[in-house]
Each structure stands twice: as structure tokens, then as C-alpha cells.
Amino acid sequence: MKEAQQQKTEYYIHDALASDIQDSDAMLFYSFFKTQVGQQVTVELKNDLAIQGVVESVDQFLNIKLRDIRVVDPERYPHMLSVKNCFIRGSVVRYVQLSPATVDTALLQDAARREAQPVAAPARA
Amino acid sequence: MSSSFFGGAGLPDDPIARAREAYRAAGGGNELDTMLESMALNDGLGDQLNEDRDTFNDETFDAAAGDIAGTDFDFFQSTHAQQQVQQQQVRQQQEQQQQAAPRKIMTLAELEAQLIPQRYTPAAAAAVSPAASVPELAKQYPGLARADPETIARRRAARLQKQEALARYDNLMSQRDKEHIAGIQVSQLITDDPAAEDFYCHMFELSRGAVAMPGPVHQQQHQQQQQQQQQQGSGLGDVPDVAGAVRKALAQASAAGPGAAAAAAAADQGPGRSRRSNTQSSMARMQQQVQRIVNEARRRPKAPHAALEGALGRVSANSVRNPKQAIQVQRGRSGSAAYDPRQQQQQQQSPCDPGAGPGDSRSPATERRKTLRAIENVHTAVLRMEQLIREQAHVAQDPEHPAAQNWLRAYAEAKESAWAELGASQPIMNTYPHPLVRFLGFSKGKRIVPRLARHLSIDQVLALTTTIIANFESLDVCRFGGFSRGAGPAATVQQQHEETELFVRAVLPPALAFLSEASLEIVNCLLALFIERNNVAWVVRTRPALVLLTVALGRTAALKLAPGEDQQAIYQAGELYSHLFATLQGSLAAVFPPPASPLDGAYAWQFLAALALGASPERQHALVAEVREQVLQAIQAANSGRFPADVSAAITANVNLFLNALGLDASQIPT
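Here the protein sequences line up with chains L and B, keeping their order.
Residues 1 to 125 in my numbering are what the first sequence spells out, letter by letter.
Residues 1 to 671 in my numbering are what the second sequence spells out, letter by letter.
Hints may contain errors.
What the hints assert, rightly or not - Taking lysine-lysine and the DSS-like style, the derived pairs with C-alpha atoms no more than 30 Å apart in a straight line are:
(1) L:Lys-65 to B:Lys-324
(2) B:Lys-415 to L:Lys-65
(3) B:Lys-415 to B:Lys-444
(4) B:Lys-178 to B:Lys-324
(5) L:Lys-84 to L:Lys-65
(6) B:Lys-324 to L:Lys-46
(7) L:Lys-46 to L:Lys-84
(8) L:Lys-65 to L:Lys-46
(9) B:Lys-162 to L:Lys-65
(10) B:Lys-178 to B:Lys-162
(11) B:Lys-324 to L:Lys-84
Claimed, not checked - Partial pick of chain L residues on the chain B-facing surface, computed with a CB cut under 10 Å:
(12) Phe-33
(13) Lys-34
(14) Thr-35
(15) Asp-48
(16) Leu-107
Calculated directly from the structure, the hints in this document are not laboratory data.
Positions of the beta carbon are idealized from the N, C-alpha and C atoms, including for glycine.
Could you put the whole structure together from the sequences, leaning on the hints where they help?
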């Protein structure tokens, strides 16, 4: 039923003339991080700063807001001593370290398959 | 300064003033220049001194400007009001001067200067009145830590000033402007199919907390959760969470329609009405507003590319959903070693000739890839079926209705494709290893089988069980057990354990459930198939085989005792049992796994118990004779003090499984 509505070509980078734009696989990360709201994570940035905090919110660009933060290596980054909340732009994040108990891997696999499906289906039709 | 005490001012000291005098003397002053100069030098105070930084007044006379107004100390008669009036006059003057100049495009500052006086005065007049006098404040908040009225007054004045300064920029955008901007932002977020995009989050929340059905109740719980989070969070207070409100609004719009919004708002008023009614109503208002914006944005979907006037070509509106193209790739229909649907079709239609597909090389790599592709197809089909089941609630129940028929057709189609890909229905003799066996060789395959089995019909489950039994020895889990039991590198042993565990936990239960419900004839047939096709003595060393046999034998025994069974079937069962026993005789001790831990052999004991159920006395003797060593060892281990009490109790219980079936008990054995 869904497949009938789509006319998307295979990859997420699609032709400019495609008539019907569907979701790219970027939304899976957004959906995933929405479930992490309220969990404690450690965000490692591209400038090697690692911040541990509770995820307060996340948006479609994967910008992350953390509260009650603690810098993992305070001696190197003393300027963050007084900071309690921060907003991290999504493009500077290198890693986000999570706790495994908060992730449902089977469901994640299913969600990834669903994201990949509309891409793959027309190739074989 | 150069103005001496006695004389007048000669040349002023600073160079700027000197230059100015020189310029004027040289006749350089015309009207425009003087106008500009007066504008630039004008600070709007007239004859008064600039008293911004003059705190002398406060400290000396113990009052702020606001307090002086109207009292005896008000030397300038209503200091504050006069200041305001003067400022207004200055601004009007400026306006006139600007309008005198030719009409030009106004800068932002000038725009503001025009707009602000209209908004400033009424707001300022309201804000000036002091909130509460100091003694009243002291009564209301005894805990307020402050020194003295002077500090309070100073702080209040500072606060008022800040308020005024900020109030200058109020109400610059109209409601329509704000909604326009909000609409642009929301249109980036909205989706046509929240179920597809937000799948992980939605299902996760369903499985973890929100046990209720989706729809208004879900929204209610979600709202409450969110509010709790907000209240615990960084003091967002009454400001509602826009993203959350958008999400809720979207889910509402997609699921239940406009009635849900009112229902949710009304439902929210119920619990905690007294405490949270303000937040709730503001949330509800916000939600309705967002709803309106969402509907607007939905009505006019923004085209991803807009051709602006005067621009050459198209301008694309990049959003998260259509990211900027990095490379353009043309994907060709290359067959090569990749999976080809036509090949699979041919394979199924000509089962006698599986290797005859065009370009089919049948190398191990090809086989592997084909199997993996089949697994993925089954996954796709199962996901579709599960999605259809979820949507079933919304489809009309009337079987004649076309929507219901569509649903049924889609469901049947998905089930067929899954069944075909699974390969359980492929004839048994031809390919080695059997496609189903290869399918189950991957842990992905093992995991999907129970999910698929939920949708299969009884016949299909029977076919699946039959195929598994017929090919039991070639299953990967059985090959583990046969060869390296405890030998080999620890990583592979670990992996083998995991695969075996997964098999027993995932693949066997549907088959076992089927067995436990099956009739005696079927059980007999399956048992016969098992014995015939597999080398029983060898396969019995593996745990999956033992589990299967245990259930089969248990079922047989239960059915024999049940009244009204066919005599023929019972007789056959007895024959099969003898045959099995004869085959196993001599190798029963090998049933036990190498003693990695004392509790490992539970399944072995269960098997022996099942075996003992149907045994005649002489067979029982033979049984006991073979496993005597194991029994004694186990009881000794349990009774010796080497293990903690619960472990010993567990060991004893295991042994008792077997002994009770014989009519004995562990306590009877002298040790």
C-alpha cells in the first residue's frame, strides 16, 4: 500500500525531478534520540570535549540540549565549571555514548529496515 | 582647562572643539551642517545635567527619582514626567526633520524610532507605578534576605528600568507575522506518515511506558510525562514544549481527527485540575494554535524547488528530508552475483533442476548472499504483516467492504511471499543443505521465525516442523554439538552456545507448541521421520534434538493415557519407542554435556525422564544401568558442601526429574 504511493529512486540522495519526496534515513536518528530524552549520556565533540549530562531535548538536526552537565575531564576544560545546561549543535558531535539498557536493539533493527525499504523496493519491482 | 579663573575661554583645550571653532570661523557653517551638528550633539536633556551616573541623589537624599516626583524634594516639578515629555518632544522634532528630508528607505533604527513612541508611552505610564511598598513586601516574604529599604528601593528601580527597556520592543510583530514564521518552521517538521518516520520512538514508548492505546489517552499520558519532565527540568515553567506540542498535534491529526484535540484537552482537565489547570489550559491553547498552523502548512505543501522570479533555474528548499545532493548515482540492473528475482522463480518452478538458472554459479558466496537476501525478504514481509495488523483496528470490520478486502489481500500477499522466501515448502531431497537449513544458519533467520510463525496457518507450521525434523542433522546447531564440545577457541564455543540458545529459545517453541497440540498420528509420523532421517545416536548429543525428543515423547505418553485414542496409533507409538530405545542403547551416557557447570544438564535429565515414562521395567533397568554413574555423581555433588544451598537443591531437583519418573527418589540413594 505504501509502495504504491512512492516514486522515489533508490538512494537517499535522489534526483531533483522526483515527484514525491519521502523521508530520508535522517529521521531514524531523530526518532531514536527522542527516546533518549531524560537519559544520561556522554556527548563527545569533534574538538575532543566530552560532556556528560541528561538529554533535555533534541531536534531534527540532532542538536542536543543537555542539563546538569559535567565535563568528563575538568582539568583540561576549566571554563565549563559553572555551566549547568548547554546546547550542542548537531554538526559538532562526534559520539554520543548511551547506556545499553535504554536501547531496544530488535526494534531498532526493525526501524532501520523500515527506513531502508522504500529505498530498496522499487529496485526490484 | 584653558578657561582661567579670571578670564574668559580662549582656545579650548581639546582638538575637536578647536577644530570646530576654526571651522565655524572659516565660515563653514550652513543650515544643514548646524542641523546635523545639533542632532548629533543633542542628548535630549535640554538645560539639565546628565544624571545617569549620578548616584549622589540616592545616597544623599535616600530616594530614587521616582520617589522624588510630587514631593517637597521635587525641585524641578515632576522630574520624571518632565523628562519623559522632553524626550517625546525631541523625538517629534527628529521625526519632523526626517520628514523634511526627501523620502528615503528607512533603516531599522529609524523604523523603530517611528514605531516605538506609539507603543512606549502607554506602556511606560502603566509600568511606573511601584508594585508594593516596602513594609508590605516585608510582611509577605519574611524570608527575603535583604539589608535595608534603601537597597530594596534601588533594586526595584533597577528592575523597573530593565522592564521598561525591554518593553520598548514589545508588540512589534503582529499575530499574523508570528503565525507565518511558525508556519514555515512547522512545515519543515510535519510529515505525511508519522508512523513510518517516527516508528522507533512510537513503538518504544508503546512497549515501555504508555501501555494504553494510541490516541487521546496516549496523548494524555504523554502530556503528563512531559509536564513532569518540564517541572523537574530547568525551570521551563509554563512555557510549553513546542516540539512536543507539534508532535502531539500531528499524531492527533493523523490518528483521531479534530475531535481528539478537544477530547484530550477536556480529559486533561480532569486529573489535577486544581493544581495544574493554568498549565493545562495554556497547553491546550498552544496545542490548538499549533493544530491550526499544522493544518495550514499541510494545505499548502511547500514545493521542494521554487523558481524565483528573475533567477535562472530553480532554488531548492533544503530541509532535513531532502538533503543536499552529494553525488548522483545511476543504479543499473546488473545481474552479476547479486540476487536476481527471476532466478529464484525458476528455482521454485523446476525443483528437479535447481542448478539450471542462467548464470547461476552456485558458489558458496552466491548461496550465502541468496540466503541473506531471502532472510531480508522475510523480514520485510513480516514487518508489513505486523503493520497491517496494527492498522487492522482502523479498517472496517465488514467483510464486504472494499477496504477490508484490500487489507485481507495485502495480508495474504505478504504472508505468501514470506512463506515462499522461507523455503520450508521446498522438497526435501534435492539441495544440500536444504534452503531452510541455510536460512536457519544465520541468527537473523532464527530470530525472525517465531515472529513469522505467529502469522502462519497450522498446515504451514506443520510443514515447517516437518522440514526441520527431516533435516535436523544438517542444522548448524547440531553440527556444533557433534564436533567440538568444549574444544576449540573460547570465542567460537561462546558463539556456538549463543546460537544453540537462540535456536532453542526462538525456533523450537513454535514447533514444540504445535507438537503439544498435535494428534498422535502426527506425532508418530514426525518421530518416525526423525528416526529415519537422522543418525539418532549422534544427534542426541545436541541439546535441540534432546529438547525436541523430550516434548515428542512427553506428548506421546500423555496421549497414550488419554481415553479414546486409536489403538493403531498407540501400537505404532510403542513400536517407535522400542526402536528409539534400541538405537539409543549404549550411548545414553553421552547425552550429558561436558560438565561446564553442574546445572548444565537439566535438559538431559528431562529427556531421560521422558524416556523413562514409556519404559517397561527391563528397559528401566537398562536405563538406570547406563546412567548410574551420572546419577551418583550428581547426588554426591549435591550433598557435598561444595556448592551453595540453592545450587545443590537445583541439582537434586534435576536428578529427581529422572528418578521420580522411575518411581524413585534421590533421598533413597545411599550416599
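Evaluation of the provided hints:
1. For the hint linking L:Lys-65 to B:Lys-324, the alpha-carbon distance of about 25 Å falls within 30 Å, and the restraint holds.
2. The suggested pairing of B:Lys-415 with L:Lys-65 is violated, with an alpha-carbon distance near 44 Å, which exceeds 30 Å.
3. Among the hinted pairs, B:Lys-415 with B:Lys-444 is consistent with the structure: their alpha-carbon atoms are about 18 Å apart, no more than 30 Å.
4. Of the pairs offered as hints, the one joining B:Lys-178 and B:Lys-324 holds, with about 28 Å between alpha carbons and a cut-off of 30 Å not exceeded.
5. The suggested pairing of L:Lys-84 with L:Lys-65 holds, with an alpha-carbon distance near 11 Å, which does not exceed 30 Å.
6. For the suggested pair B:Lys-324 and L:Lys-46, the alpha carbons sit about 22 Å apart, so the restraint of at most 30 Å is met.
7. Pair hint L:Lys-46 plus L:Lys-84 holds up; C-alpha atoms about 21 Å apart against a cutoff of 30 Å.
8. Taking the CA atoms of L:Lys-65 and L:Lys-46, the gap is about 17 Å. The hint holds against a cut of 30 Å.
9. Simply put, B:Lys-162 and L:Lys-65 have alpha-carbon atoms about 28 Å apart, close enough for the 30 Å limit, and the pair holds.
10. Of the supplied pair hints, the one linking B:Lys-178 and B:Lys-162 holds, its CA atoms being roughly 25 Å apart against a limit of 30 Å.
11. Using a Cα cut-off of 30 Å, the hinted pair B:Lys-324 and L:Lys-84 is violated, with the two alpha carbons roughly 35 Å apart.
12. Nearest Cβ of chain B to the Cβ of L:Phe-33: about 9 Å, under the 10 Å cut. The hint holds.
13. Hint status for L:Lys-34: holds, given a least beta-carbon distance of 4 Å to chain B, under 10 Å.
14. A least Cβ separation of about 5 Å between L:Thr-35 and chain B falls short of the 10 Å threshold, and the interface hint therefore holds.
15. The closest approach between the C-beta of L:Asp-48 and any C-beta of chain B is roughly 26 Å, which is over the 10 Å cut-off, so the hint fails.
16. A least Cβ separation of about 6 Å between L:Leu-107 and chain B falls short of the 10 Å threshold, and the interface hint therefore holds.
Checked against the numbered hints given earlier, this structure breaks hints 2, 11 and 15; the rest are met.
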